[in-house]
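For reference, the chains in residue letters:
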Amino acid sequence: MTAVWTIAGYGLREALRRKVFLVVCLLTIAFLALYWMGTRYAFHHIGNVAPPEGIDPRTFAGAFLFGMAMFGTLFLGVVLAIFLTLGVVRGDAERALLQPLVVRPVGRSTLLVARFLGAAAVCAPYVLILYFAGMLVTGLEGSWWPDRIVMPGLELAGGVLIVAALSLLGSVFLSSIANGIAVFMIFGAGLVAGLLGNIGHVLNSHGLVHAAKIAAWAIPFEALYQDALRSITERTSGLTGFLLRLGPFGGAEQGGVALRLWAVAYLGIVGVVAIAGFLRRDL
Amino acid sequence: MRFRLDRFAARQRIASRFRGFGDRTFFVASWHHSECTLGDVPAALAVSGLAKRYGAVEALSGVSLEVGESELVGLLGPNGAGKSTLVKIACGLVRPTTGRAEVCGVRAGSREARSAMGYLAELFRFPGWMSADELLKLHQRLAGSEGGERERSELLELVGLLDARARTVEAMSKGMQQRLGIAQALVGSPRLLLLDEPTSALDPVGRRTVRTLLEELKRRGVSVLLNSHLLSEIELVCDRVVILLGGKVVAAGTPAELARPRGVEIETNGGARTYAEASRDDIPRLIAELVQDGQSVYGARVLTSTLEEVYVEAVGGETS
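The listed protein sequences correspond, in order, to chains A and B. In terms of this note's numbering, the first sequence is residues 1 to 283. In terms of this note's numbering, the second sequence is residues 1 to 320.
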C-alpha cells in the first residue's frame, strides 16, 4: 500500500508541476470570469424578456446557463485528465522516465492504479470546485439553484475519471500524441451522441434517440453528463422542463442507479484491460 | 607508478566512504549466504537459452551466461548485438520469447528478483523537478529500503553529489545525472547490479570514480553485469567478459583466457626485439642466445593480445 501512495504522490506532484496545470488554471479563471459576466448580464435583462406561455424565464435561464457551465466544467476536466494521463506508460517509457520505477519491486498493476489515483486526486477536486463555483455564480446572480446539489457534481467528476481511465488505457498502447488525439475523438463522439439525441427528441425519432442512448452508455462519461443535466432540473416540469431536457451540448437523460453502477463497472473493466496490456508490454 | 598510487588513494577514499554503507551491504550479503549452504548459493544472474524476437528481428538467440556471487562480468558487443535486451530481460522490463533468466534463483522480473537487484538504464531520465535527495527518497520507498537519511547521504557521498543533494535534476550536468543514476541503482543495497553504459556521459575522472566504485562493490559481495563499449574499462575491472554478436555469445572467459599469445619481446642494448612465434618457455633460451652474441638484456615480457584485439577479432570488425 505504501508503494501505491508513494507513486500516487509522485504522480500528483508531477501533475501539479506541469505547465498544463497552470494553463488549465488560467483557462478556469477566464472561464469563471466570463461565466460570471454572462450570467450577470442575462439575469439583469431577464425582466425585459417576454417568453412564450408556460416558460419560467428565471428557471430556464438559470438551468440553461448552469447546464452550459457544466459542459464547460466537463470539457476543462477532460482536458486536464487527458494531459495528465496521456503519456503515463508509453510516453514515459519513450522518455525513459518509467523504467527506473518499473524495475523496483512494485507491481506494474500497482504502478498503474497509483498513477490513476494521482490523476484522480487532481481532476476530481478540480471538477467539483469548478462545478460548485459555477453553481454559486448562478445562484448569487440569478437566485436560481439546481434541484439536486451534490449528485450532478459527483457525476461530472465521475465522467472525468472515466476519461482519465480511458486515456490511461490508451497510454499503454499508443504514443502520447496518438493517445491524446484518440481520447479527444472519443470525447467528441460522446458530444455528437448527445447532439444526435437532441435532434432525435425534436424530430421525435426513436431510432435516433435509441442510437444516441447506446452511444452514451458505451462511453458512459456522456451518459453521466446527461444524467447530471437531468438532475439539476429534476423537479422542473411543463414546457420549461421539456426544453431544458434538450440541454446544451447533449440532452438531459435520466440514468439513475443503473448508470452509476455501470460507470463503476466500466472503470473496473478499463482498468483490468489496461493492467493486462501493461503486464504484457516490453519497455 | 603514480597511476597505481592514485588508484590506491582513490580506493582508500571510496573504502572510507563505504564504511557505514558497507556494514549494511555486508549484512545483506551475509543474510543471503546464511539462507543456504555454500554449495547451493544460486548465481546472482543465470541466463539459459534466452531468445527474444521483436517481430522479424531476432535480438537474442539462445544466450546462456552466469554472473556468480561477487563477480563482475563485462558485456561487450557492437550496437544491436542484444546487450541491452539481455539486461532488460534480466531486470524484467522485457519478456523473453523463450529461455530462462533467473536473478538469485528466482524468475527475472518477479518481485523477489527486483528486490535483489539495482538497475541503471543506458538511456534514463529522472523528473527534472526532483532534487537528488527527493529522488533517492522515492526509490528508497519503492525498494522498501529502511536506510533513511543515512543511506541517502552515503550514496550521494559515494558518487560525489553530497553537496548537490538539494539541487534539482534539471539543474545538474549530464555527468551529475549519470552519477545520481548510479546512486539510485544502489538504493536498498542490491545483490546484483545491472549497469547499462554507466559511464557513457562521464569524463575521465568520473569514469575512474565509477571504476573504483565497482571494484569496491565487488569486494563487498555485490555482483555486477556491466554493459559498456569502453573496452579499457571492462579490461580493468571485470572478472569475466562475454562478447555478444547478432544475439549470440561469440566469446566468453576471463580477460586472461581470451587473450592470445603474440610472441615475446626482449629489451636489449640494441633496442626491443620481438619474437612473434616464441612463447614464455622460449625466453631463457632466447636470452642465453642474445647474451652469447654479446648483447645486454634488460628485460623480457610475453606479449598477449589486448581485449580490444580480442573484441575486434570476435566481432569480425562489425559495427552498426
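Mixed in with the good hints there might be a few duds.
Selected chain B positions facing chain A (Cβ under 7 angstroms, derived; list incomplete) [unchecked claim]: (1) CYS91; (2) ARG111; (3) SER115; (4) TYR119; (5) LEU123; (6) ARG125; (7) TRP129; (8) ARG141; (9) ALA143; (10) GLY147; (11) LEU290.
No more than 25 angstroms apart at the CA atoms, straight line, and that leaves these computed lysine to aspartate or glutamate pairs for DMTMM-like [stated by the list, open to error]: (12) LYS248/B <-> GLU265/B; (13) LYS174/B <-> ASP147/A; (14) LYS218/B <-> GLU313/B; (15) LYS19/A <-> GLU71/B; (16) LYS248/B <-> GLU134/B; (17) LYS19/A <-> GLU134/B; (18) LYS19/A <-> ASP133/B; (19) LYS248/B <-> GLU197/B; (20) LYS248/B <-> GLU170/B; (21) LYS248/B <-> ASP56/A; (22) LYS137/B <-> GLU94/A.
By construction, these hints were calculated from the structure, which means they are not laboratory data. All of these numbers come straight from a predicted model, not from anything done at the bench. Idealized CB from N, CA, C, for every residue including glycine.
We went through each hint and held it up to the structure:
{"no.": "1", "hint": "CYS91", "in the structure": "holds, 5 angstroms"}
{"no.": "2", "hint": "ARG111", "in the structure": "holds, 5 angstroms"}
{"no.": "3", "hint": "SER115", "in the structure": "holds, 4 angstroms"}
{"no.": "4", "hint": "TYR119", "in the structure": "holds, 5 angstroms"}
{"no.": "5", "hint": "LEU123", "in the structure": "holds, 5 angstroms"}
{"no.": "6", "hint": "ARG125", "in the structure": "holds, 5 angstroms"}
{"no.": "7", "hint": "TRP129", "in the structure": "holds, 5 angstroms"}
{"no.": "8", "hint": "ARG141", "in the structure": "holds, 4 angstroms"}
{"no.": "9", "hint": "ALA143", "in the structure": "holds, 6 angstroms"}
{"no.": "10", "hint": "GLY147", "in the structure": "violated, 14 angstroms"}
{"no.": "11", "hint": "LEU290", "in the structure": "violated, 59 angstroms"}
{"no.": "12", "hint": "LYS248/B <-> GLU265/B", "in the structure": "violated, 36 angstroms"}
{"no.": "13", "hint": "LYS174/B <-> ASP147/A", "in the structure": "violated, 59 angstroms"}
{"no.": "14", "hint": "LYS218/B <-> GLU313/B", "in the structure": "violated, 29 angstroms"}
{"no.": "15", "hint": "LYS19/A <-> GLU71/B", "in the structure": "violated, 46 angstroms"}
{"no.": "16", "hint": "LYS248/B <-> GLU134/B", "in the structure": "violated, 40 angstroms"}
{"no.": "17", "hint": "LYS19/A <-> GLU134/B", "in the structure": "holds, 21 angstroms"}
{"no.": "18", "hint": "LYS19/A <-> ASP133/B", "in the structure": "holds, 23 angstroms"}
{"no.": "19", "hint": "LYS248/B <-> GLU197/B", "in the structure": "holds, 19 angstroms"}
{"no.": "20", "hint": "LYS248/B <-> GLU170/B", "in the structure": "violated, 39 angstroms"}
{"no.": "21", "hint": "LYS248/B <-> ASP56/A", "in the structure": "violated, 80 angstroms"}
{"no.": "22", "hint": "LYS137/B <-> GLU94/A", "in the structure": "holds, 24 angstroms"}
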